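A.B. asks: Sequence:
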Amino acid sequence: MGNRGLPCFFFLLLLLLLFAPLSCSQSQQSCDSSDLNALQGFVEGLESSALGWSFNGSSSSNCCNWVGISCDLGSALVKRVIGLDLSKKSLKGSVSSSLGGLDQLKLLNLSYNSLRGPVPVELFHLPHLELLDLSTNRLSGLIPAESNLSSIQVFNISFNSFNGTHPILAGSSNLSVYDVSSNSFWGPVDIGICNSSDSVQLLRFSANMFSGDFPAGFGNCSSLSELSLNTNGLTGTLPNDLFTLSSLTKLNLQGNALSGTVSTNIRNLSNLVLIDTSSNSFSGAIPNVFDSLNKLEYFDASSNKLTGGLPPSLSSCSTLTTISLRNNSLRGTIDLNFTTLPRLKHLGLGMNFFSGRIPSDLPNCLQMQTLDLGENNLVGEIPSSFRNFTSLAILWLSDNNFSNLFSALQILQSLPSLIHLALDASFHGGELMPSDGIQGFANTELLFIAFCGLSGSIPPWLANLTKLQYLDISSNYLSGRIPSWLGNLGNLFYLDISNNLLTGEIPTSLTRMKSLAYGNISQHFGLMLKVYPNGQFLEYSSLQPSINVSNNKLVGSILPGFNGLVNLHVLDLSFNNISGTIPDLSGMSNLETLDLSHNHLTVTSRDAADKYCCSKIFSSSRLEDI
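Residues -25 to -1, 1 to 601 (mature numbering (1 follows the signal peptide of the UniProt record, and there is no 0)) make up the sequence shown, in order.
Be aware that one or more of the hints could be misleading.
As the list claims (entries may be wrong) - Each computed DSS-like pair below joins lysine-lysine, with the alpha-carbon atoms no more than 25 Å apart:
#1 LYS280 to LYS225
#2 LYS225 to LYS270
#3 LYS489 to LYS442
#4 LYS81 to LYS67
#5 LYS63 to LYS81
#6 LYS64 to LYS81
Unchecked claim - Simulated restraints, written as ranges between beta carbons of each label pair:
#7 GLY555 to HIS403: 35 to 41 Å
#8 SER221 to SER389: 42 to 48 Å
#9 PRO262 to ASN376: 27 to 33 Å
#10 GLY455 to HIS575: 20 to 26 Å
Derived by calculation from the structure, the hints in this document are not laboratory data. Bear in mind that the values here come from a model prediction, so they are computed numbers and not experimental data. The C-beta atom is built at its ideal place from N, Cα and C for all residues, glycine as well.
Turn these sequences into a full structure, and let the hints steer you where they fit.
C.D. replies: Right, here's the structure in full:
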């Protein structure tokens, strides 16, 4: 029994003998001295470093164990550095030319740091380098015209401040990703990259200062999956070879000065997932070719000069999540089969000439989150089927010719996700502001019902909108007193009830509005209604914290409590019957606009106005009118 353990003992002993030399050799391995010197020179160029690299003592001999460094896998005792990945390491300082001494380097990733200054030319002469990522730093200067990056596959220098002409990388036959976006490169876009490599899959030239006609030649990049040239100054028309890129999935041309019509050959790009041609000068009709683009998810041609109607084949793209055609000259009825667009989340048709009624099948798009039909010629009532919009967050119906506001509010009040509702200038029948029967809008933060010719009083159901931040019911015929509960809406910081027939005194509760008296509302105001994934916004792009009660029939005095509204930027009490002296308003430290004109106030001198208000916002011309 005692001898049965001997085979196990001898087996373990054999393993130890076999691996002992390997362990010994590993402990004797070290970095190449030239690589160590290059790394030390790099660190010395940094202002601060938490890398934990040590160049003193025995621990410095094997840099392959250091953070961010990888070495070759050969059996040699002296290892060569082939990878340096220091992304998101909070590095500050400059990039040392000593990195050029890492002549076996295959990967260099210094992205998402705070490195600044020029990039040494030595980095562009590393013949084994396959990946170079310097993105999201503060690097600047010129990129050398000549380079020796013959092995490069991924080249990313985006989100820096490089200028001059963009690098061509001639002879880089394996290039797959080329990203120079968000810099200050200028001049024409050179498509020599497509002549050097037939394996290019991603080209990003976005957010630079490129100019000149849209270049022909991208068709040579036969494997191209993404082409982004947005936010530049390119002109001219789209070349025909662009429509031969059968592998293209993303085409982003937004924010240039491109013109001409969009060719029907775009149907050849059958793998497209995203098309963004917004903010250009394209004209003519939208080609009716969407039945060939059955993978398309995002289509944005807003802010162009497009005419005609909606192409019926749009209904064939069941994968669409975004359609934005805002700010064109499209007309006709909104005649799409929305039952075939179940994934649609964002529909922007505002600022066109669409007419007729809102289609009742539109709410079949149950995932709809933003709907912009504003500034058209739509008529009729809001369809009762809108109750099915359970995910709708932003609804823009401004500047149309709808009827029956009460019915519209009854329907829309039940939408649980509704945050922004704009109905201003959409009802013109001299209707009565609904005073009861409205109990919803629990999550609404923005409500605009201005310019609708409404009579009646400020409705009490607004008091239940506790999340309300923006309220505009101006330019109606509302009468009666300003209700005190308006000042009790704790999140409200934009109030416009101007150009009505309101009477009485300003309630003291308006001087105690929580969001204007204290707290930080900077994350709210400067309203940007982000509607589309590419960052477009609706027309209300900036709404500062404001109280506007101008052009009414208000009496009484200016309440001293206004002085405590430190977050208020605009206070407009003009064109009323307010009397008395101007109280001390010097505590309104963020006030930019103060209009007290056309009242019955007493001001003895300009000095008094300067004492109580800010001279930069209270002009002498207004002193004469108060």
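A.B. asks: With reference to the structure, classify each hint as holding or not holding.
C.D. replies: So, going through the hints one by one against the coordinates:
Taken as a hint, the LYS280 and LYS225 pair is honoured in the structure, with Cα atoms around 22 Å apart against an allowance of 25 Å. Between LYS225 and LYS270, the direct Cα distance comes to roughly 11 Å. Compliance with the 25 Å bound is thereby established for this hinted pair. For the proposed pair LYS489 and LYS442, the alpha carbon gap of about 13 Å is at most 25 Å, so the pair holds. For the hint linking LYS81 to LYS67, the alpha-carbon distance of about 23 Å falls within 25 Å, and the restraint holds.
The hinted pair formed by LYS63 and LYS81 meets the criterion: a straight-line CA distance of about 19 Å does not exceed 25 Å. Our distance criterion of 25 Å between C-alpha atoms is met by LYS64 and LYS81, whose separation comes to about 20 Å. The hint said 35 to 41 Å for the Cβ distance between GLY555 and HIS403, and at roughly 38 Å that hint holds. At about 47 Å, the CB distance of SER221 to SER389 agrees with the hint of 42 to 48 Å.
Taking the beta carbon of each, PRO262 and ASN376 are about 31 Å apart, inside 27 to 33 Å as hinted. For the hinted restraint 20 to 26 Å between GLY455 and HIS575, the CB-CB distance of approximately 22 Å keeps it satisfied.
Of the numbered hints stated above, none is contradicted by the structure.
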